[in-house]
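Listed below are the residues making up each chain.
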Amino acid sequence: MPSVRLPLARLLQPKILFVLLLLITVAPAYVMAGDHDGDRDRDHSPDYPPYGSNVPTAHFDHKVRPQLTPPAVTLLTDGTGRVAQSSWNMELVGYDTLDGRSTYQPLVVRQGDRYIAYMAHHAGTGINRLNGLSETNGTSLLDVTDPHHPVYLSHIPGFAGSLDAGGNQMAHVCSGDVLPSNSRAEAARKRGHYYLLRSNGNSSGLATPTETQQIFDVTDTSHPVLLTTINAIPYSNTHKNWWECDTGIAYLVANDPTQNWVHSGSAQHLKIYNLHDPASPEYIRDFGMVGQQPGSATSGTCTPPACEGPATVTPPSGIHGPISAGTEKNRVYMAYGVGGSGVVQIVDRRTLLGNCNSPAACAVSPSQADMLAPQKGYFTLPGLALQGGHTSFPIFGEENGRTRNVLVVTSEEGGNECTAGSAPHAVWLYDITDEANPRQISVDASDPALTRLDVPDGFDGTFHVVSNGLAGAAYSGVYPASLTPQDNASNPNGFCNQGGRFGTHAVTELFYPGYYGKLVIASWFAGGVRVFDIRNPDAARAIGYFVPAPNDTGCGPTGGPSAGPGCTFANTGRDNHAVHAIQTNNPELDDRGYIYLADRAGTGMHILKLTGAARRAVEGDGDDRGHDHGHHDHH
Amino acid sequence: MKYVCILIALCFAPYSFAGTPDTPKSAAFTANDVTLEMIAKIKVGDTTGSQIKELLGTPWRTNNYGDCNVVDYQETWEYLGHDANGRFKISIEFDEAGIARIVAKTPAKGPVVVLAAAPKPSTQHQH
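Same order as they appear, the protein sequences are chains A and B.
According to the working numbering, the first sequence is numbered sequentially starting from 1.
According to the working numbering, the second sequence is numbered sequentially starting from 1001.
It is worth saying that the hints were derived from the structure and are not from the lab.
Be careful, since some hints might not be right.
[Claimed, not checked] Partial selection, computed: residues in chain A whose CB lies under 10 Å from chain B:
hint	residue
1	Gly-124
2	Thr-125
3	Ile-127
4	Asp-256
5	Lys-376
6	Gly-564
7	Asp-575
8	His-580
[Said to hold, decoys possible] Where chain A lies over chain B, by a calculated footprint (3+ residues, C-beta under 8 Å):
hint	region
9	1051-1065
10	1079-1088
11	1094-1106
[Said to hold, decoys possible] Chain A is faced by these chain B residues, among others (derived, beta-carbon under 7 Å):
hint	residue
12	Ala-1028
13	Phe-1029
14	Ala-1040
15	Ile-1042
16	Gly-1045
17	Thr-1076
18	Ser-1091
19	Val-1114
20	Ala-1116
Note that beta-carbon positions come from the ideal geometry of N, C-alpha and C, so glycine has one too.
Based on the sequences and whatever the hints tell you, model everything.
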């Protein structure tokens, strides 16, 4: 075939030049706009929530598996009675001190060919190892592509001007290649970029709020750039957000005190935005439990129709955080109450987003009917007001070819050293196949919280509780005043004398297919992270744990992993009992199956992997080994 | 040549903005070396955070757990010091009103020792 040669003079003819320029300038925009599959392929991010709407299908069974006995933790040899690093079917892979900053949420994002950990901090200050400055806690970014050797990339400081008003406890990241666009220009502008949504500030309870929700361009992970602040008027009570990357819809937890919404406990509800273009947030509506809208009753007994719904207190408790299953499943799950008066609400996503487009009053000040329209079901938690709704994670599945959907729900422990009169805060499974009639499953009538997904406070595997005197679903075990023998290192009775909180807080929220419908992975503060096998959701069982050791020597005066007095903060419990205790706050997964832990007491970030029976459970073989008693790590 | 230089400068101009970190511009932090005599001046149940800052300087590290649930002593400040046994750490825990309630010392080796503590306000443990 003869070669075709175009002389330069011919190429410079106006018509040909015009066509060439057109191809160069316009063609890339066509390629980018409306080709989200191609963009996602380039982006490498998963297509399940929160990044996409392709929810995996869990395959439940009804196999009878032996209940395993978790091995007791070991104690440090320093005579303090504290728990040493202990593990059962889990193994430590990597670690970083996070400069000793208290951390709420870990989020690990596949960003191109790298895995970036966004560690979202509580309020406070610490020394940034990269520049030696004392910075208000914000968000730490680490490259965890090699989980054995995390690399600290940058710290985005929090709220400036105060030592303790900062904190950016929550983080979500979306790729500009996955976020939808309204124009080719918008798509071109976002191409190749990554955006961090974070809550900003910690003024909960203050008369004059100062909190915001921020979006950063984190494409250059070493030099994040503030893109926009969503709210012009400062919010209060920002908290656990959710951001659907494939739609741009963001469910922000916050409150604007000038709008007169009412809540018991945590004063927060949802402010829903479309953040498809992170530079230009589009407000959609406010939402919460019916009875929280402006004008609702603030005291007394609230009975239908005044505030139709499941409120256990008037007004209903504030939301902790929503989890959206995306467009395919068309559901959003909302847990209210945090650590008490728990209610969980199942919401129709399309109705939630669509029934308040106009007028404006519907969005900001909805009627009772507006509030009830999206609600598909709800339920309250065991123990009356003693347990709260903190996290509600849906598992869509099948069993024997028939649809079976399950909701994982946690409460939050809020007191140190098992506060007298409080309940052990636990995890529950609910069958929500019939959304109008959810029912608790994996019930354990002998458990203080009536669930198989619980962790005894005693190192001997027993609970030290008494009855609250009620029966049925109102029953709860509660901790007695005489529980903890303080500073008795020769006879430590369990997790309740470790100084800080002991009880559950949160579960992983990534719809990672490898573990979906097989494991529940929950943080338990002083109890570390706990793994439950839920392949048979009617008979959940403990199958693994990892309790990190406190960091007593690994944080120096100049920050970073230098020799010094240690990263772990002292926690004070009953009778001024102060201890350096592990406080595993939140766990999260990446799409390789690694498990990341954030520590509330400043101990740092732990990266784990499953071993033994827990690994076999997700790999689908050898799962019935009743003799599996695990092993200990001694450090 | 002049135009080439201008063109090159324009090409690189955006990078000078994109790389600006959102960090305060100040000198590296140096933690004060506190003494137990200084710590003894803290009156638990009375001394405020600002008074402690006047006494001891800016803390080496602080923490505030306050988020979705009120907890015991959610704000803590830490200072570093030295004694005959080596480096120690002082933790000062505040109540919700910003009053120091507990002062504790973590020695170079061994458990945390509470140096001073005042009763908690009765409003704690609510959320």
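Using Cβ atoms only, decide whether Ile-127(A) comes closer than 10 Å to chain B, and label the hint accordingly. holds, 6 Å
Mind checking the CB of His-580(A) against every CB in chain B and telling me if the closest is under 10 Å? For His-580(A), the interface hint holds, since the closest Cβ of chain B sits about 6 Å away, which is under 10 Å.
Per the CB criterion, is Gly-564(A) less than 10 Å away from chain B? holds, 7 Å
Are at least 3 residues of the region 1051-1065 of chain B within less than 8 Å of chain A when you compare beta carbons? holds (count 8)
Let me know if the C-beta of Phe-1029(B) comes in closer than 7 Å to any C-beta of chain A, holds or violated. holds, 4 Å
Hint status (Cβ of Lys-376(A) to nearest Cβ of chain B, threshold 10 Å): The hint is violated - Lys-376(A) has no Cβ within 10 Å of chain B, the shortest such distance being about 25 Å.
Take the shortest C-beta to C-beta distance between Ala-1116(B) and chain A; is it under 7 Å? Violated: closest Cβ of chain A sits about 9 Å from Ala-1116(B), beyond 7 Å.
Status of the Ala-1028(B) interface restraint (C-beta, 7 Å, chain A): holds, 3 Å
Taking the least C-beta to C-beta distance, is Gly-1045(B) closer than 7 Å to chain A? Hint violated; Gly-1045(B) Cβ to chain A Cβ min 12 Å, cut 7 Å.
Was the hint right that Val-1114(B) lines chain A, CB cutoff 7 Å? holds, 5 Å
Against chain B, run the beta carbon of Thr-125(A) and see if the smallest gap drops under 10 Å. Holds, because the Cβ-Cβ distance from Thr-125(A) to chain B comes to roughly 5 Å (cut-off 10 Å).
Holds or violated: the hint that Ile-1042(B) contacts chain A, with Cβ atoms closer than 7 Å. violated, 15 Å
The earlier numbered hints that this structure contradicts are 4, 5, 14, 15, 16 and 20.
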